[in-house]
Amino acid sequence: AVTGAHFVLAALQLAGAALLSPGSCAFEDSACGYEWDYAHLPWALHGEGHYISVDTSYEGEKAVLSSPELYSEEWSCVRLIYQIATTSEASPDPARLNLYLRQEGEGFDRLLWSAKEPSDSWLIASLDLMNSTKKYKIVLEGEMGQDKSASIAVFEIKITPGYCIECDFEENHLCGFVNRWNPNVNWFVGGGNIRNSQSILPKDHTLNSELGHYMYVDSVYVKHFQEVAQLISPKTTAPMSGCLSFYYQLKQESSIVFTVYLRDTSGFYEEIWKTDSALSADWVLAEVDFNAPYPMEVIFEVAFNSAKGGYVALDDISFSPVYCSNHTGMRTPYNPAEAGCNFEEGLCNFYQDHKDGPGWSRVKVKRNVYRAGDHTTGFGYYLLANTKFTSQPGYLGRLYGPTLPGNLQFCLRFYYALYGFFKMSGTLAVYIFEENHVVQEKIWSVLDSPKGVWTQAEVSFKKPMPCKVVFVSWCKSFWDCGLVALDDVSLSLGSCQAADLLLPNPGECTFEKDECVFTQKKRGRGSWHRRRGPTPTSYTGPKGDHTTGVGYYMYIEASDMVYGQRAYLVSRSLRGASGKQCLTFFYHMYGAGTGLLSVYLKKEGDDEEIPLWRRTGEQSISWLRGLIEYESDRNYQIIFEAIRGVSMRSDTAIDDILFQAGPCLELEEIQFSSGYPDSLNEIEY
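With mature numbering (1 follows the signal peptide of the UniProt record, and there is no 0) as the guide, the letters of the sequence shown map in order to residues -26 to -1, 1 to 659.
Honestly, the hints are just simulated from the structure, not real lab data. Being a predicted model, the structure only gives us computed values, none of them experimental. Treat the hints with care, as some may be off.
What the hints assert, rightly or not - No farther apart than 27 Å at their CA atoms in a straight line, the calculated lysine-lysine pairs in the DSSO-like style are these:
id	residue 1	residue 2
1	Lys197	Lys225
2	Lys425	Lys340
3	Lys338	Lys397
4	Lys340	Lys517
5	Lys487	Lys425
6	Lys111	Lys554
To be verified - Using C-beta positions, here's what the derived DEER-type ranges look like:
id	residue 1	residue 2	range
7	Lys122	Gln494	24 to 30 Å
8	Asp3	His503	49 to 55 Å
9	Gly380	Val202	42 to 48 Å
10	Thr61	Asn323	54 to 60 Å
C-beta: ideal position from N, C-alpha, C; glycine also.
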């Protein structure tokens, strides 16, 4: 365990911190207005080593450190210098360091970054903070995990105006730029009176003095043909587009190739700039249009062909959100929302080619206990293929999406459900149709899935030319022609894997990993269980979850409870905010004996629980969406209460809870709470 004086941080607001920008701290003799949360583990300030740390010598789950209130209308960059040290080998639940943004008026902190890799020395993380008019705090959370002896140290937090990919190389952390080590050629720091190279430059560009620093790469140690040195920027963490500029000097005796690439998280390289000049005895400004709608690294690469090649020097990388040139080709970043659809209002930008036959129909099912409704709300519209007795063999239904720009990485997500097929494989497929030539490439097709359950599919693609996504449903034979349903098609920029690594929405709980902000309040035997797949009793409960169809949800198991018994799922204390809040969730009440599901609001300091929403009795075989608008300026808790009904067939479930600031944008579809419409199983066209 790390020893050293455990100072009380609050008492150490010393004057030395005045030189740093607000929110920045080197932890030399104070914590610069950062405060720890006394409900959790203590942080220890080690003034002599210039760091603050937390370790497993105390019992506890985590330590929380929050910055003073900050405000910045400009884009800024948070650089965090940290280290996670552990003695044990890979633990299933390792220590990790998380960084959150806590915005004024927001009930939930937004997770911006998380790391768990232990290291022998300090590491640097760079995070872009987009400009905002709201006041905010930076919150650091050290989670101790299950490691027996782990410690987390933070050496410096620096918040500077500007973008994280900008750098003048004057500080020893080099703004998080790293050299990809190569045995023979590497990028080094030059200048600062260090005479460490035969081809040293007289002055840097930033300070125009011998004391300034720059990066350089030199051919002296080149052994082979085509030796390559790479300098890699920190990854962008927020979408940005504009003009990237830098200064360089190039001195060559034989050919040197100096190239700038973008590299995305899948490892795709895209060249954006290359030297055209043979020689530049002085610093030359280079400017290049730069588009990073999802996380990218900028790579400065120099390739040498011989040891007498010469050198390249680089300094003052900067970024402006306005494109360098006046050409309009890249003006507006593509908005992928135009390519999605939930089919509630129509087909959006999708269309069909009617020479294929009747194809897909937009349908809606009244609430019933035989046939699932749509995925969006349980009450709405979805697309259904093969509906109108068109089961000639080889029947095809094609649905075309709008044209997508080329050379962008996309993630396509959609929900599908299949009914009545003996063989499922191939009954629904997704093709990419490139516009310039008539090639169709299949990028996804269904293999097998639970019958009649809305199942999520996701697929990443990137095409050099503009293209369309085409959904194709196919009946192989007259005897095996079922129904194919499609809903909630969405498209996002970046690969699906990168999107999964990105952090969940604050205030969202899908129950995929854990119970999020909720805990059980045990009173008697009634309790909520986290489960995936169907519930054990037939004719009650969901067949799969709402999030993906194969994930987790929370439910009460009626066979373990008695009639009238209650189960409570209670949120932790949530931050109050002025104005309306909207709570969205999905509930599943299928089973002849279903009881009650209620939602309550409990404000801090009050004993009473205010009822917000209630449903009684069997509602539908589908997941239905619940919407609740409420207000609480004090801290509060939300309580889900399920009461078991008259029989074992009363498994009630909930999933996909989302807290959002601001009023609900839609109204809930049903206001009555029990009983059925007359016509149970009609499909409306």
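Exercise for the section: Mind checking the alpha carbons of Lys340 and Lys517 for me, to see if they're no more than 27 Å apart? Expected result: Judged against 27 Å, a Cα distance of about 19 Å means the pair holds.
Exercise for the section: Starting from the hint 24 to 30 Å, judge whether the C-beta atoms of Lys122 and Gln494 obey it. Expected result: The hinted range 24 to 30 Å holds for Lys122 and Gln494, with Cβ atoms some 29 Å apart.
Problem - Hint consistency between Lys111 and Lys554 [alpha-carbon to alpha-carbon, up to 27 Å] - result: Cα-Cα ~22 Å, so holds.
Problem - Restraint status (C-alpha distance of Lys338 to Lys397 at most 27 Å) - result: holds (26 Å)
Practice task
Given the hint that Lys487 pairs with Lys425, test it: the Cα-Cα distance must not exceed 27 Å.
Solution key: holds (25 Å)
Exercise for the section: With respect to the beta-carbon atoms only, verify the hint that Thr61 and Asn323 lie 54 to 60 Å apart. Expected result: Because 56 Å falls inside the window, the suggested range holds.
Problem - C-beta pair Gly380, Val202: status relative to the range 42 to 48 Å that was hinted - result: Roughly 28 Å apart at Cβ, these two residues miss the hinted range, so it is violated.
Exercise for the section: Using the beta carbons of Asp3 and His503, state whether their distance is inside 49 to 55 Å or not. Expected result: holds (52 Å)
Exercise for the section: Assess, step by step, whether the Cα of Lys425 is no farther than 27 Å from the Cα of Lys340, and give holds or violated. Expected result: Roughly 20 Å between the alpha carbons, so the hint for Lys425 and Lys340 holds.
Handout entry: Given hint Lys225 paired with Lys197 - CA-CA distance at most 27 Å
Key = Holds. Lys197 to Lys225 sits at ~19 Å (cutoff 27 Å).
In this structure, the one hint that does not hold is number 9.
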